[in-house]
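J.: By numbering that gives the first Met the number 0, the letter at position 22 of the sequence shown is numbered 21, and the numbering carries on one by one without gaps.
There could be a bad hint or two in this list.
Between beta-carbon pairs, the in silico distance windows are [stated by the list, open to error]:
| # | residue 1 | residue 2 | range |
| --- | --- | --- | --- |
| 1 | Pro163 | Gly351 | 53 to 63 Å |
| 2 | Gly191 | Pro285 | 23 to 33 Å |
| 3 | Pro227 | Leu24 | 42 to 52 Å |
| 4 | Pro229 | Val294 | 15 to 25 Å |
| 5 | Pro163 | Asn359 | 13 to 23 Å |
These aren't lab readings, by the way, just hints derived from the structure by calculation.
Positions of the beta carbon are idealized from the N, C-alpha and C atoms, including for glycine.
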Amino acid sequence: MRTLLPHDERQDVTLRPAATAKVWLGVGQEHETVAVPGVGLGHGDVLIAVELSTICGSDVHTVQGHRSAPAPLVLGHESVGRVIAIGEGGATAADGAALRIGDRAVWSVTVSCGACDRCTAGLTQKCRTLAKYGHERIGPRWELTGGFASHVHLRTGTTIVRVPEALPAAVLAPASCATATAWAAVVRGAAGRSLEGMRVLVYGAGLVGLSAAAIAADDGADVTIVDPSPSRRAFAERFGAASAVKATEPADIVIEASGHAVADAIAAADVGGAVVLVGSVFPADPVPLEAESLVRRLLTVTGVHNYTGAELASAVGFLAGRGRAYPFADVVGAVHQLDDVDAALAAAAAPGAPLRVALNPR
């Protein structure tokens, strides 16, 4: 976590009524409500009033104890909201224009310094001093660190993307995780090539997989999604993809978005193909690697974890443009009030749950 500025260098913002954050204390414990009557904004910081947050699978994994996380913690990293305060010096949106009070926006899951060797190499999501919304232990003067709250305190180094007023919050909230990650995966697989006529195979009809399918199909690819769930396969066809229980033909690009089919994904790539691993973000059994097969097929196997600020901006541009043709608003099922966060998390973890369950803090 970054060092916060001294008190006398920060802009105090009083909140009436106080902001509310739902704090996760550990596995098996209910969330605790914490009131935050004010924040201290550093140079370039931004305070957001949350409009809607959605529950990502990683949030579920955390509360179930399948993912390491520091408590106490405000979970949530898929949100859309509105700018209500800006620190000294102002703040700049991803398009280079100054942010203004009242702007509707989404923001990156990561806070990056922009100056370390990784940032200057384009790996901002792996910054040497990285902080992540929904993943950081809360502390004095940075309590509003995640989306399961009425407000989020965005630190300088966060990519902030203004979004259209007309786009539904249910479409926009997941952009800062699922959609941007899918965009990064498709870009990595394409490696600068046109997708027109390419065979793209996606494993997993979760939101990352569906988003990747829509992005690739919209660029002219022939897309197939593999998923064991009949209902998810049927839903996938509304995102421009054919669906299957298993792959039957080799593909030019294979995107593994489930975390459960890595070996199958590698086996399904054609000669000269690219395999993009994006779903392996939780502990799993090791995958056997047949090096000779990779060598003889001239495969590229690469990993994508999170995304850059430019990729988030491109993902939002897709949702606001050609992405309107796909039913992204339908991925959100029930919308719970913030006080019902524990019930919402249980609903998100239940068998047959919708792709996203949402929290409304208002």
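J.: State for each hint whether it applies.
T.: Outcome of the hint check:
Checked against the hint of 53 to 63 Å, the C-beta distance between Pro163 and Gly351 comes to roughly 32 Å, which is inconsistent with it. Separated by about 32 Å at the C-beta atoms, Gly191 and Pro285 satisfy the suggested range of 23 to 33 Å. Under the hint 42 to 52 Å, the C-beta atoms of Pro227 and Leu24, about 35 Å apart, miss the expected range. For the hinted restraint 15 to 25 Å between Pro229 and Val294, the CB-CB distance of approximately 37 Å leaves it violated.
Here the CB-CB span from Pro163 to Asn359 is close to 20 Å, well matched to the stated 13 to 23 Å.
The structure is inconsistent with the numbered hints 1, 3, 4, although it conforms to all the rest.
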